[in-house]
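K.L.:
The listed protein sequences derive, respectively, from chains A and B. Terminal number for the first sequence in the UniProt record's numbering: 385, no gaps in between. Terminal number for the second sequence in the UniProt record's numbering: 499, no gaps in between.
If you're looking for bench data, these hints aren't it; they were derived computationally from the structure. Mixed in with the good hints there might be a few duds.
Said to hold, decoys possible - Subject to a maximum C-alpha distance of 27 Å in a straight line, what follows is the list of computed DSS-like cross-link-like pairs (lysine-lysine):
id	chain 1	residue 1	chain 2	residue 2
1	B	Lys326	A	Lys253
2	B	Lys394	A	Lys9
3	A	Lys264	B	Lys272
4	B	Lys394	A	Lys3
5	B	Lys272	A	Lys253
6	A	Lys253	B	Lys394
7	B	Lys394	A	Lys7
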Amino acid sequence: MRKILQKIKLPILALVVALFVSGLLIAFSDPKVLALKGDPLSMIAKALSIAGSAYWALFRGSIYDPQLADTGFFGGLYPLSETIVVSTPLILTGLAVALAFKAGLFNIGAQGQFIVGAIGASYVGFTFELPIVLHALAAIVAAIVCAGLYGGFVGLLKARTGAHEVIVTIMLNYVASYFLLWLLSTKAFLREGRMDPIAPEVLESSRLPRLAGQDYRLHAGIFIALLAAAAVWWLLNRSTLGFKFRAVGANAKASRTAGISVAKSTTFVMVISGALAGLGGAVHILGADHALTNEVGGSFGFDAITVALLGRATPLGTVLAALLFGALRAGGLTMQATTETPLDIVLIIQALVVLFIAAPAVIKAIFRLKNVEEGQAIGSKGWNG
Amino acid sequence: MSLELRGITKRFGALTANDAIDLKVESGEIHAILGENGAGKSTLMNIVYGLLAPDEGTISVDNKVLKIESPLDALAAGIGMVHQHFMLIPVFTVAENIVLGHEKVKGPGFLDLERARREILRVSAEFNFDVDPDALVEDLPVGIQQRVEIIRALIYDAKVLILDEPTAVLTPQETDELLRNMKKLRDQGTAIVFITHKLREVREAADKITIIRRGKVVGTASPTASQEELASLMVGRPVSLDVEKNAPKLGGIALDVRNLTVRDYTGRALVKNVSFSISDGEILAVAGVQGNGQSELAEAIVGLQEHIEGEITLDGKNLAGVSVRKALHSGIAFIPESREEDGLISSFSIEENLILDLHDLPPFSNGSAISQVAVAENGVKRVAEFDIRALSPKDPASSLSGGNKQKVVLARELSRPVRLVVASQPTRGLDVGSIEFVHERIIAERDSGRAVLLFSTELDEVVGLADRIAVMYRGEFIAIVPADTSREELGLLMAGVKR
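Same shape as in the complex, but just chain B (with noise of 0.2 Å):
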């Protein structure tokens, strides 16, 4: 079976999201598609699966043209697409959620699971997938969750199977779990979309690699290239992909955080007995699968969190239990997890977001009015010190792109007179070129003298940062190594193995 996508155009107002794209996917070959976030992968991959329609072009399925209205037209192509974000129901059993829109009855009103739980075993055991078919969807790991999402594409006989970032949740050693069994089935004849922007993974798995920059086709790769020359193709330009630090200069312990628990609301430890310092002049990069606590204990030490027990210091003074203004304007500089939901206002104008903490002190506020000059006259040197591309400072930050919305993050929690950095994923979905500029940013801080404390699911990331590694494992520091740590410890410590 093949599947042939000739001259895809779509279009979202005035983006061109897929221009003219032209694909060939054939059985038996994992076909990966590089590109940068906001390259248009996502947008190509939802037209196949039917959850966009094209303004131009056709999809045929082994030369024959389809109409794709909705995923189950996909389906029934034999279509199987397994999203970045799982479309899973937490509460539901593993049997429950694959028979999900597709409801077997023994009689009317009973539901027939015995028979998807026969499939799901059958399944799980030709690819040796072990997966229960009785087990809570929440309870389950997420790489197993994602097994979950493959089984239900080949349950329903899926000939193409679509893999929208799949490792952007796993840990090292998922990872390659997965991309073992893409190949596995990849030999039994199933054709793979595999949809990525991490360089090592697509050297490792793809047998075919098309690239695209802007909607566009940009070329192919075989994947014996380089790291390096697909990073350029990617991105369009010569790229390094060393992040350049020299040693660090230590100087006194700046942050301090003694036995640090985080509780959620209904009482559970989401951070466990945590003690670390950050000195003057260094990096701390926390590393971990997404979920284990980073969050939390970013947020804790910023105010954000309020069932804590421990001690946070920053010079001495205690921040534990202050409130989020009293942290910031004692000297942290915060770049949040998710830049459209906590770090800015997206309905604001670039201008107001670049003041959301100071706009009651002077100059921006005489105590009751807020100065519209002085806003004005901040958002623009802000701009071109941070150089945030816009039209105008006043434009709403949904107009901006992600890179540069994290720039308008930056340049406003650098502006205050900073003693820490936390930055939490500070380069998540960002492209190539902000992320050299957010790097380059956060090592300009360390030189300055400033502690930074980075939190990152990026192993490369974390790697070429820090000055020393700590491993988050299930809301606790499973260990703190030095900086030259191997990635296979390190990838075995985010699993929870300790040495």
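In isolation and in its complexed conformation, chain A is listed as follows (with noise of 0.2 Å):
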């Protein structure tokens, strides 16, 4: 327990810190505050108030809702069930990257790896008719042989050519997020009597059922992710491959050295990290939107990077700092549209967690903390890797 103790103890003070910070920045970008300058004492009254308003909203629109608890106290849990919507594709795009991590390899491709996945989850899902659970399962198999592919290409490419991934899956993004908006102007993929890009909705048999009734949009997918993550804890720490994963990200040479092939494990970790962001949209088209469109990518791949980073690469951290994100992206909108404070401090929080990760020696600085733990340096191969 201590020792968990001792692993979070520095994501959260970076939590708590990067919260303290965007409370100064909503409150002092406010006309309101800064038109109270010759009065400090109301002047720090109203700020305290601002920032406490625009927090409360962020919980409102994340979690509980006492305004929507009219019908009982399920009612008000509508915020949570979207923050777990929003989650369940980052929980998987999160993993992708985490995964790579682990082997050494830093794919900035899951949002590329999403859209392909979210593409052939839909074209499964509206074009055949099976039967129910079986369709949900083609679309899903559809969009990690997809995805594993678009990944593993990547993989490929790195092992046979030494092309660097990053360069690599950073092309490869927008080369999906391009054929994408092609597809979406093509007879098989828009919707008729459209001309704005979107496509079919997929059929009720191929989508995840609602957890919570048609009024929420939580779905099955929040146990695929989660399943998901436990293969991932498994294949990383007991598995074969996972064995030759870590070996290779944590020392390429000596693994070479002891006769493991670092191209296979490069271009089977990016199969299996593709898959999983591929399964991301999947699960996001299935279970939530339904339908295709060109922003059905979002920033969930992008994201990705973060919640990987914020979770230390570990299947559990990364499935938690995928329920803060998402808590985040949720609880922004309501906050934008209750208060003033516009949804950008959400990014700033997320990018102010993120800096503090990266930068413990301020966090401790800050707490005078000796002896954290501060896990592996991840991913950070920089370009000769």
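Bring the two chains, given one by one in their own frames, into a single complex with the hints.
P.N.:
What follows is the structure, given as structure tokens:
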């Protein structure tokens, strides 16, 4: 228990400091606060009340909203359902990045892999007519295969030619999003009677079941995500393949010297990483969105990098970090709608969390900590890796 | 001028690297600091040179206590240092390297290299250093690069010159040359701090000897002390410096290498047309100054080099161009040159490191999952068998000392069925006790009928272990000679002088 506490101390303190600094920003970027320049006391009071109401809105938008509780306690939990809906794909893309981190690769391409997975799932979802469980499974498998190949291509290029995965994945993100845009203008994908880029809804039989009735978007995808997290944990810590991944990630030269094929490890890990991100795309389409649009990717793939970093590239950490980011995203919308604080402040909170995690010295200095476990430096291979 | 250290203490976490060290160095003397690797010699000198801050203690020059917080302070106080790993920029000329950090200008933005050039020529002439200020450092032999470092210290008026393991990278002849130059500098009044663990050199050059063991000064000795006396002071118990071994019982040919050439990715040949064979029960030691193709030859045999021509066979089976895995599993045990980089994964536990090569084979794996029980059992067994000093086999390899790290590598490599042992610098950086262990292990492998290919830059090791000696120079085997060849002759061969 103490060990766990040691491990999560730093991220939690980083979050606290980030929230504090963002609170200052929220308060002191508000003209009403600045107008009270001559009167420090009431200025501070006003600042407190503005930051307070912004964070209260953030909470109401992400976890529990008493104003929605007129139908009972569960009505108030609607925001929590939204938080989980946003977190679910983030868990999967986060796992994709975390797994690659562990194997010494920096997979910036979760965004593209997510999109490719969403395309695959969507196509199977609205094209074929299959029995209920089978249809969802087929759509998911399609997503995994498409995105796995898309990711594996990067691994293969790196293994064969040494092409740096960061460059290749960045480029493939563009390829994926423009490919999607083009697809949505083709006959096969464009919904009948629509001019804007949106595909037909996936058939009822392929959708993931909603868990709390039709009023809540909460769907079974969260179980898939948690299952995937458990699977990644097993892969990394118990399996033979995962041993190779970790060995290559920790010291590729020693692994090679001991007879482990670095090229194979690189290729396989990118296949699995891509498949995880693609699964995220599938779950999002089949569970939440139902219809493919050019905006399907959102920033799931990019936030995934931050999520994996915050979660120290461990499966459990990634799940927790994804839930946090899901909450910030979901709550940020309410915050923007009900207070004058813009959604962008959420981005600042995210950025600050990462900054403080990446520079633990700051947090240690503020809280005068000694001997806090910093965890392994992850993915910091630079450009020569 | 005199340099005096009083009560210098430096701790790294729980480890006390320097424990209340007192030391006095006077001008006109060569003061050797003798100690094993990890005894705290380098830490001490890094403190003197301002690279580390001491936790306690004072440094004074000419009885004035100084605060030395950076190498600039040290240089200003007249302390110069030549590091074990040279601090030179290979693509810069000698003159450019020497002005680095102290650039003088003729006018705004115009570097005054002329002055540095004159200074270099002056110092170089004074000591017969024969250094061309306009040569690119990367083109210079290691011995000359070291002179560049010394010139740099002298130009900045060093009265105390610290030499950190200066002979580690030199041929025997270059070493003699360096020792001569050190004496010349001493006679002109420079105080020289000579850090080393090589007894022969200490006895030859030092005026005073201070011995450090586990961070403490354990005594002083006069240069007339015998090697055995110095060694036992250094290690803290009587040691025998000779390797005991019986005459070899040779079997059939195990490893046969024909016309092997190894190229880097640019096509430059690093190993040139090398042919040799090793019999069962024989140790072939490859002597040579570091960087003459030894590493590449060793790597080529285990399949770590990509661009090779020629034949490599073990027991008649082809090894050229096969994967590392295939090479290892056809009976090669490989002790790589760098334990930290190639031998171990520091963040992995000891037991995991012990199965790096076998993790996907029974009994450690059923094909998909790793058996934690089998890994743990193997860990306990090997740790006991090889006397690896660790609190638990589940501790990370990074927590081990150098000697114990090497034992982990040995334990792993010798746990497969072995036909040939390829050992690259197997005792580099190890303490005397671990060196004895490694040597005994290598002899034991040979005596049980295995072929051994040993690469070493330590002439003592080569002479002590070899049944035959090959000398490597610029990628070639310039000679294969009997084990009783004289050191002088080996030294000449190592410098590329053919008979």
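K.L.:
Go through the numbered hints given earlier and state which of them the structure violates, listing their numbers in rising order.
P.N.:
As far as the earlier hints go, only 3 is violated by this structure.
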